[in-house]
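Asker: Here's the letter readout for the chains.
Number of protein chains: 2
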Amino acid sequence: MPVLNLRSDLAAADDLGTQMAEIGRRARAAARKMALASAQAKDIALRTIAECIRSRGPEILRENARDVAAAKAAGHSQALIDRLTLDEKRLAGIADAVEKIGALPDPVGRQLAAIERPNGLLIERIAVPLGVIGVIFEGRPNVTADAGALCLKAGNAAILRAGSDSHRSAMAIAHAMSEGLAASGLPADAIQIVPTRDRAAVGAMLSGLDGCIDVIVPRGGRGLVERVQGEAKVPVFAHLDGICHVYIHGQADLDMARTVLLNSKMRRTGICGAAETLLVDAACARTHLVPLVTALLDAGCAVRGDEAARAADPRVTPASEIDWRTEYLDAVISARVVDGLDAAIDHIETYGSHHTDAIITEDAEAASRFLAEVDSAIVTHNASTQFADGGEFGFGAEIGIATGRMHARGPVGVEQLTTFKYRVHGNGQTRPV
Amino acid sequence: MPVLNLRSDLAAADDLGTQMAEIGRRARAAARKMALASAQAKDIALRTIAECIRSRGPEILRENARDVAAAKAAGHSQALIDRLTLDEKRLAGIADAVEKIGALPDPVGRQLAAIERPNGLLIERIAVPLGVIGVIFEGRPNVTADAGALCLKAGNAAILRAGSDSHRSAMAIAHAMSEGLAASGLPADAIQIVPTRDRAAVGAMLSGLDGCIDVIVPRGGRGLVERVQGEAKVPVFAHLDGICHVYIHGQADLDMARTVLLNSKMRRTGICGAAETLLVDAACARTHLVPLVTALLDAGCAVRGDEAARAADPRVTPASEIDWRTEYLDAVISARVVDGLDAAIDHIETYGSHHTDAIITEDAEAASRFLAEVDSAIVTHNASTQFADGGEFGFGAEIGIATGRMHARGPVGVEQLTTFKYRVHGNGQTRPV
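These protein sequence lines are chains A and B, in that order.
Numbering of the first sequence is given in our numbering, commencing with residue 1 and proceeding in unit increments.
Numbering of the second sequence is given in our numbering, commencing with residue 1 and proceeding in unit increments.
It is possible that part of the hints are untrue.
Identical chains share a label here; the pair holds if one copy fits it or two copies do between them.
With a Cα cut of at most 20 Å, we get these calculated SDA-like pairs of lysine to any residue [what the hints assert, rightly or not]:
| no. | residue 1 | residue 2 |
| --- | --- | --- |
| 1 | LYS33 | GLU349 |
| 2 | LYS33 | PRO318 |
| 3 | LYS72 | ASP306 |
| 4 | LYS33 | ALA343 |
| 5 | LYS100 | ILE44 |
| 6 | LYS72 | GLU138 |
| 7 | LYS233 | LEU122 |
| 8 | LYS89 | SER320 |
| 9 | LYS33 | GLY340 |
| 10 | LYS100 | PRO58 |
| 11 | LYS33 | THR259 |
| 12 | LYS233 | GLY404 |
| 13 | LYS89 | ASP106 |
| 14 | LYS100 | SER55 |
| 15 | LYS233 | ARG325 |
| 16 | LYS233 | GLY340 |
| 17 | LYS33 | ALA372 |
| 18 | LYS233 | GLY203 |
| 19 | LYS33 | GLY93 |
| 20 | LYS100 | PRO118 |
| 21 | LYS72 | LEU297 |
| 22 | LYS72 | ASP298 |
| 23 | LYS72 | SER368 |
| 24 | LYS233 | ARG199 |
| 25 | LYS100 | ARG117 |
| 26 | LYS233 | ARG62 |
| 27 | LYS72 | ASP146 |
| 28 | LYS100 | GLU88 |
| 29 | LYS33 | ASP375 |
| 30 | LYS233 | VAL202 |
Derived from the structure by calculation, the hints contain no laboratory data.
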């Protein structure tokens, strides 16, 4: 009965639309209250939320077990099931992380600038919350608590949409968070979780819920980020790729180059700050190329190289054009010899993703040019690309890493989850005609 | 011959697409060079541009005369023709403004934060240019030079699209700017002017020219801003409305209230920072309402009021719901009595446009609550709303005022035309597993 099906689809769409609009409305109203919460009130609320996550532990683990059972029944990979599974230790880690976010300095109310004008006006630029942050995530259920807590710490409301695998776990964690907010006198509505697996809910969030979402943060694989960046009608904090480079300059110390390169590539291969391409300057290739390529290969990393890299070791396989644009997220690296600093920068600007790029050199001038001319969110000199992380930057925690140019760039911590307003203090000033 | 017409339309579209893509490509390449220009090089270039505008004055005035003649032939209003017309004095003003922008402090390269980590890493957050800024404007041809110079000062390239009325004037000014850039060793391509009146060029810009535009700034009427905000695939710095409020709190000094109110409304009625609604607290309505309403009426301002305001003076006409949402941009104001600070804030949050709102009061606590709780880009205490201007904020000049929450909010000066990157300085640090 196609007519009836159509009608019930429409009814479902209407319900979802109404439901999502209500979520947006509640989040916006809660955000107005959160924006005025004191540093102490937010700190207490986050500690209370941590307590609620602990006390609701059995319930969260029960819901998580249902998610895990469903994932197993659906035949998902062991890796996915591992990421999804919570136990008491992981749950304790989630609660501790929320408490730690509560203890961070309050990013709201900071005076970012003060301007005294000749007419006596005092103009202050003051940090205020962004408003309502939409977080769309996949996989690990801890993102519910982490991302939600970061949003709250910065005085925002959050609308969270979990992937369907972690839906039940995320719902249970979010309810514990709302409970903690209410128990400490802040609006329970400041944490909204989308209660349906319907993928149309993602589309509704990307439309901005009629002005009720100020920014979207996708946390997940390339497919999710690509969809969000392509369809969102509101700003997005994200990175699509982390094609990070390590450039060994002619004046690089070989031991340092080897140590930093191995850490950049192999410490963890699946994170966005992992190096994907090695550039060795022609000026040091004769001495540095063989030891560096050998070290990678010996550490279990496959190397795909240009002619020079292939000549360094028979285990190196040929790189094709597509390799320079590939984020392997695995124990694989592309490698080539470049003819000087300009060629290295050109390669990075042509093939890179403006995430994190490193130069290894003892030459201060070359380092300075590299740091200035490589147009990436993070540029490092004699330091691993794997430092691309809010925790390593001293931000306490991060909601993600952004490679866009607007507002937030690099690790997005609580400071970047604020915006600002101008407060103008006068004593009757008028503007001359 | 519809088939032939169709073909020629397609050919034109292809040409436009190719042309716009080329403009984007050139701007992006120029932006990379501009980003590395020293403060001194940019200052010299802007002085040279000012010289070129002066020396090409006769040509610019000739092209402007053709624009004016076309506008007259098209039967445009005298107001439009006035705004469009350049003379030697106005042209000198344009050149002087460019020189003044050149003399501003360089916003690029500022250290916005420095973080020393326990592992010895020094992490700097450094201001860098945004990249390529698209400016779409109507009316006054001076926007070509003003907006272009602000973009250049912040190390960006600009793609300028003039309204069709000022097309010839804008082309002549833009060519003088490119000439000035080339003469001082910076890329002439850093100023791109769209050489066609074809409105499809605007659509191409709003699509972001395949990643070659980082942000769009519309300068013009509500229709333009609405189209840009609705269609742009890239971030936009703009405000749609300036529905600014003056709230006379119960503890307001009457003389100050009258002076600031008259200035907020009547200094200039056509600018976005002009007040559009007067809110008088019930606590002082008995003493303040009549003198304030009378002062407005006597100054030639029409008043549309609620019952209380109408009772204050027979010349007050009734306000309808729509008045509270109207930006008159004229000598008209809506007026009502509100019952306390919370009611005033509720009115502003319900009907306002988050641009600029003022409280007049001698009560510091009420002022502090208003400044904190009114969620507008600019909030003032005992100061005219007409201070909403980059020049008045000490920014030297502004490209516009933004009411969005991301990146730039309030007057957008050269600082807001920058973003940042992180520079990480190490001596071989690796991240522990």
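Asker: Does each hint fit the structure? Answer for all of them.
Answerer: Here is what the structure says about each hint:
no., hint, verdict
1, LYS33 x GLU349, "between (44 Å within a copy, 13 Å between copies)"
2, LYS33 x PRO318, "neither (59 Å within a copy, 34 Å between copies)"
3, LYS72 x ASP306, "neither (43 Å within a copy, 65 Å between copies)"
4, LYS33 x ALA343, "between (53 Å within a copy, 16 Å between copies)"
5, LYS100 x ILE44, "within (12 Å within a copy, 50 Å between copies)"
6, LYS72 x GLU138, "within (16 Å within a copy, 61 Å between copies)"
7, LYS233 x LEU122, "neither (36 Å within a copy, 37 Å between copies)"
8, LYS89 x SER320, "neither (45 Å within a copy, 61 Å between copies)"
9, LYS33 x GLY340, "between (56 Å within a copy, 19 Å between copies)"
10, LYS100 x PRO58, "neither (22 Å within a copy, 67 Å between copies)"
11, LYS33 x THR259, "neither (50 Å within a copy, 34 Å between copies)"
12, LYS233 x GLY404, "both (15 Å within a copy, 13 Å between copies)"
13, LYS89 x ASP106, "neither (28 Å within a copy, 52 Å between copies)"
14, LYS100 x SER55, "within (18 Å within a copy, 63 Å between copies)"
15, LYS233 x ARG325, "neither (27 Å within a copy, 24 Å between copies)"
16, LYS233 x GLY340, "neither (42 Å within a copy, 37 Å between copies)"
17, LYS33 x ALA372, "between (42 Å within a copy, 11 Å between copies)"
18, LYS233 x GLY203, "both (10 Å within a copy, 16 Å between copies)"
19, LYS33 x GLY93, "neither (29 Å within a copy, 47 Å between copies)"
20, LYS100 x PRO118, "between (44 Å within a copy, 18 Å between copies)"
21, LYS72 x LEU297, "neither (35 Å within a copy, 75 Å between copies)"
22, LYS72 x ASP298, "neither (36 Å within a copy, 78 Å between copies)"
23, LYS72 x SER368, "neither (52 Å within a copy, 56 Å between copies)"
24, LYS233 x ARG199, "within (17 Å within a copy, 23 Å between copies)"
25, LYS100 x ARG117, "between (40 Å within a copy, 18 Å between copies)"
26, LYS233 x ARG62, "neither (37 Å within a copy, 43 Å between copies)"
27, LYS72 x ASP146, "neither (25 Å within a copy, 62 Å between copies)"
28, LYS100 x GLU88, "within (18 Å within a copy, 64 Å between copies)"
29, LYS33 x ASP375, "between (39 Å within a copy, 11 Å between copies)"
30, LYS233 x VAL202, "both (12 Å within a copy, 19 Å between copies)"
Checked against the numbered hints given earlier, the structure breaks hints 2, 3, 7, 8, 10, 11, 13, 15, 16, 19, 21, 22, 23, 26, 27 and satisfies all the rest.
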